[in-house]
Amino acid sequence: MYLTRGAEATVKLENELIVKERVPKRYRLKELDERIRKERTKAEARLISEARRLGIPTPIIHDIQNSTIVMQYVPGTPLKHVIDESLSQQLGELVGRLHTGGIIHGDLTTSNLLHYKDRIYMIDFGLAFMDPGIEAKGVDIHVLFQTFESTHHNHEALTYAFCRGYRQTCENAEEVLERVKEIEKRGRYA
Amino acid sequence: MKKAVLGIEGTAWNLSVAIVNEKDVISEATDMYVPPSGGIHPREAAQHHAKYASLMVKKALDEAQEKGIEVSDIDAISFSQGPGLGACLRTVATAARMLAITLDVPLVGVNHCLAHVEVGRWKTPADDPVTLYVSGANSQVLAYRMGKYRVFGETLDIGLGNALDKFARSAGLSHPGGPKIEQLAGKSDNYIPMPYVVKGMDLSFSGLSTAATESLTKYPLEDVCHSLQENAFAMVVEVTERALAHTEKNEVLLAGGVGANARLREMLDIMCEDRGASFYVPEKRFMGDNGAMIAYLGLLMYEAGDTLDIGDSHVNPNFRPDAVDVSWRE
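If you read the protein sequences in the order shown, they are chains A and B. Numbers given in the working numbering equal positions in the first sequence, counted from 1, plus 20. Numbers given in the working numbering equal positions in the second sequence, counted from 1, plus 5.
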């Protein structure tokens, strides 16, 4: 049974396990396409486990093949349907912990976060990477704030609550949040 | 009597004046600033616009008159308020204000990026598309949602066209570099791995441009052009696809000068086919910067009562499309 057929991967539920396969993209040169799918699959599996070690709820990995990952099924609700200020603050704390561990999620959208049993699970580490720098953390949060802005009415309150949580767990939160503002302005003619 | 609006575009190198009504473009007069060498010098481009503004306005008015539209039939003046090069924007705004005062008609300030989207919706069957807008300075994925055009992804550094131009200059190709890169790319199918930088929905091109330049010391120019195009275009197509999935829309509109590239169109076409989405490309004259799009969005805004007092008509070089409250759509 397909759970999602996203832009990048199909996610199937098989025997109570998630099977995530990165599908080939015909528009991309075959060589480039295979490189990207393989790299992202490997990186994703490694970073899901690494994030778990940092205390962030993520699915448990069962198996990895070429461009397929088999992992634990988390029957949660996408955060985009349930997010409020309290969850946004909780999310801020988690992202702070992730960043302190040097991991950048790379695709922090409210569709890639699941609310399950009072906890927020981070899924889809497909674009995640290791980077201790301020810039990468700033971009990570900028992506999240953009989805707040583009899909949620009360995005200012959510942003504010997120920052409150982030400050509690991230070492250099002020510096990162300052950079987020700078990145927003940078878009063009900069 | 149909309403008619005169619009002036001049955010960068292209100065273009057009008169449109709801049905079609009545007249258009364009003069392009061509740098003697290298890229655009903002001051020189602004001087060019100042020199030719009145002539282009006159040409557009004369051509309209031949088609039976008199100066007195013009209901409003619109202009590109931003984003763009400050000096160019100020020159064009001055011309627009002067015309509005002289003809005693309202002034309309238009966001340049949204004009690209709206002219595409006007001139193609696209109704509610995800728009990939790729030009020299801009690379954005836009879609309408809750009263605004939201930016679903954009470049974090330079525009795609700029990345191609920067590389072209270092490879000794003359401005504009895009078409020359496209032509050379067609002669190679040897792919050299290059950085592929998609951060969530956002893009970065400056590292790719530099990597391509460095590859020139080791590989033939054709191979580098081919690899640069394949990488850069796959990146923007990927983000466009993500926006389609995220917004659950089923149309893609291509806008901006880089949209002239046949390989980019082909890739978008394949992506849309695989997703079951429709892909729309306006004819070439509406792809790059043009006066008609400014006049057309000016018309939509004028009809919605969305006009400006002269005192509030300052330009905004960093005018974001998502800063505009859309008055002209349901």
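Wrong hints could be hidden among the right ones.
What the hints assert, rightly or not - Computed cross-link-like contacts, DSS-like style, restricted to lysine-lysine with a CA-CA straight-line distance of at most 27 angstroms: (1) A:K100 - B:K254; (2) B:K28 - B:K171; (3) B:K28 - A:K100; (4) A:K201 - B:K153; (5) A:K50 - B:K64; (6) B:K185 - A:K205; (7) B:K171 - B:K254; (8) A:K50 - B:K128; (9) B:K8 - A:K205; (10) B:K8 - A:K50; (11) B:K254 - A:K32.
Stated by the list, open to error - Short, incomplete list of chain A residues facing chain B, as computed with Cβ under 7 angstroms: (12) P44; (13) R46; (14) Y47; (15) E51; (16) S69; (17) G122; (18) D127; (19) V159.
Just so you know, the hints here were simulated from the structure itself, not pulled from any lab data. The beta carbon of each residue, even a glycine, is placed where N, CA and C say it ideally should be.
Structure-based check of all given hints:
no.: 1; hint: A:K100 - B:K254; in the structure: holds (18 angstroms)
no.: 2; hint: B:K28 - B:K171; in the structure: violated (39 angstroms)
no.: 3; hint: B:K28 - A:K100; in the structure: violated (41 angstroms)
no.: 4; hint: A:K201 - B:K153; in the structure: holds (21 angstroms)
no.: 5; hint: A:K50 - B:K64; in the structure: violated (50 angstroms)
no.: 6; hint: B:K185 - A:K205; in the structure: violated (32 angstroms)
no.: 7; hint: B:K171 - B:K254; in the structure: violated (34 angstroms)
no.: 8; hint: A:K50 - B:K128; in the structure: violated (34 angstroms)
no.: 9; hint: B:K8 - A:K205; in the structure: violated (37 angstroms)
no.: 10; hint: B:K8 - A:K50; in the structure: violated (52 angstroms)
no.: 11; hint: B:K254 - A:K32; in the structure: holds (23 angstroms)
no.: 12; hint: P44; in the structure: violated (10 angstroms)
no.: 13; hint: R46; in the structure: holds (5 angstroms)
no.: 14; hint: Y47; in the structure: holds (4 angstroms)
no.: 15; hint: E51; in the structure: holds (5 angstroms)
no.: 16; hint: S69; in the structure: violated (21 angstroms)
no.: 17; hint: G122; in the structure: violated (16 angstroms)
no.: 18; hint: D127; in the structure: holds (4 angstroms)
no.: 19; hint: V159; in the structure: holds (5 angstroms)
Of the numbered hints stated above, those contradicted by the structure are hints 2, 3, 5, 6, 7, 8, 9, 10, 12, 16, 17, listed in ascending order.
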